[in-house]
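The listed protein sequences derive, respectively, from chains A and B. The opening position of the first sequence corresponds to residue 1 in my numbering, with each subsequent residue numbered one higher. The opening position of the second sequence corresponds to residue 1 in my numbering, with each subsequent residue numbered one higher.
Incorrect hints may have been included.
Pairs involving identical chains hold if they fit within one copy or between any two copies, as the list cannot separate such chains.
[As the list claims (entries may be wrong)] EDC-like cross-link-like pairs, simulated, lysine to aspartate or glutamate; straight-line CA separation at most 20 Å:
#: 1; residue 1: K57; residue 2: D157
#: 2; residue 1: K57; residue 2: E99
#: 3; residue 1: K57; residue 2: D138
#: 4; residue 1: K12; residue 2: E143
#: 5; residue 1: K12; residue 2: E99
#: 6; residue 1: K12; residue 2: E63
#: 7; residue 1: K57; residue 2: D47
By construction, these hints were calculated from the structure, which means they are not laboratory data.
2 protein chains.
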Amino acid sequence: MSATRRAVPLPKSYRLLNHGPTVLVSSAHGGRRNVMAAAWNMALDFDPPKVCVVIDKTTFTRELVEASGEFALNVPMRAIAPQTLAVGNLSGRETDKFEQFGLASFAAGHIAAPLLEGCAAWLECRVIPEPHNQQRYDLFIGEVVAAWADERVFAADHWQYTPEGDPQLRTLHYIAGGHFFATGEPFETAAP
Amino acid sequence: MSATRRAVPLPKSYRLLNHGPTVLVSSAHGGRRNVMAAAWNMALDFDPPKVCVVIDKTTFTRELVEASGEFALNVPMRAIAPQTLAVGNLSGRETDKFEQFGLASFAAGHIAAPLLEGCAAWLECRVIPEPHNQQRYDLFIGEVVAAWADERVFAADHWQYTPEGDPQLRTLHYIAGGHFFATGEPFETAAP
């Protein structure tokens, strides 16, 4: 596991997704594992924390998540942007993407899905079964049962990004066709 | 209306939300109007395009959206970050937030909800009724019936942000307590 990983209090875990980063969805079941990219994710509730993520019917991840009732949302840093793009472009049915793209992983605390190195934060989730949403919209709702962050970038319940920091540690915001934004300038404002 | 506003083809409208910006949800019904901030939003489908957004039961926006079956997602630029924070901090039941915070608006094309000046993009949405999601999770699903963007920042179906551009035109990513990130450095990557 990452030496700089620290637990995040569950009621603060929404802050790991609140700025809209692209995530990697990891899953495992019956000796198989997989990882896919998902820009379509959001926080859904504070306490107990819940999240939404879209997992297409055609994906191997969908099979593993439905079979296991679990998934992890990993929030990748810019250092693994090439891998984030790559795992969105082929199916884990034919290949182990972890091996193919050199993605190191470590064990989660509460679920079988592996967590990925090179990420800024991790949310371990159990599916709240909502068959209509899953079937009609490919929409999955999960309860966050554990949350972690890399203390180099998230500490004391807040993101710690500064203009002087290492740009490779920034989180990612995917658009399309290999185009991303890095998480940008932090600023504070007050009501007018 | 904004002189630099241009229509976005519906199948490309997911790109207006794909990078995870905080949005302003505008609504109108029976001569009343309102606007609230929502970091918890995401694209849900490409074509016909759909979106998700969380609208709490306690909000005046909730009343207007349920009564009208419509809402707009406005993607604010940094220039109106103070107003974006402010409209999340009080209820439109007691005050007209547009007047109170000097938010100029213009008519949408297909729905009654007003669209806000100072935004980079606009998605006009009709609610797809899902009473269970609305009641249990405060989760609303909408079909995007029209989409617009400011051509200074989104043109030819792509965001046009460059490091040299005006930082006040960047979109916003809200965290908590008045803390935001601006949309950051654009970059392109290839699979490893």
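Reference check for the pair K57 and E99, CA-CA at most 20 Å: within, between, both, or neither? So K57 and E99 fail the 20 Å test inside a copy (24 Å) and across (46 Å) alike.
At 20 Å max between alpha carbons, let me know whether K12 reaches E99 within a copy, between copies, both or neither. neither (33 Å within a copy, 33 Å between copies)
Can you give me the call for K12 and E143, within, between, both or neither, at a CA distance of at most 20 Å? Cα proximity of K12 and E143: one copy only (14 Å, versus 31 Å across).
Given identical chains, is K12 near E63, meaning Cα to Cα at most 20 Å, within a copy, between copies, both, or neither? Neither. Shortest intra-copy (30 Å) and inter-copy (28 Å) distances fail the 20 Å Cα cut-off.
Copy assignment of K57 with D47, given that the CA separation must stay at most 20 Å: between (29 Å within a copy, 16 Å between copies)
Please sort K57 with D157 into within, between, both or neither, judging by C-alpha distance up to 20 Å. neither (35 Å within a copy, 27 Å between copies)
I want to check one pair: K57 and D138. Are their C-alpha atoms no more than 20 Å apart within a copy, between two copies, both, or neither? The answer is within: 7 Å in one copy meets 20 Å, while 25 Å across copies does not.
Figure legend: structure checked against the earlier numbered hints; hints not met, in rising order: 1, 2, 5, 6.
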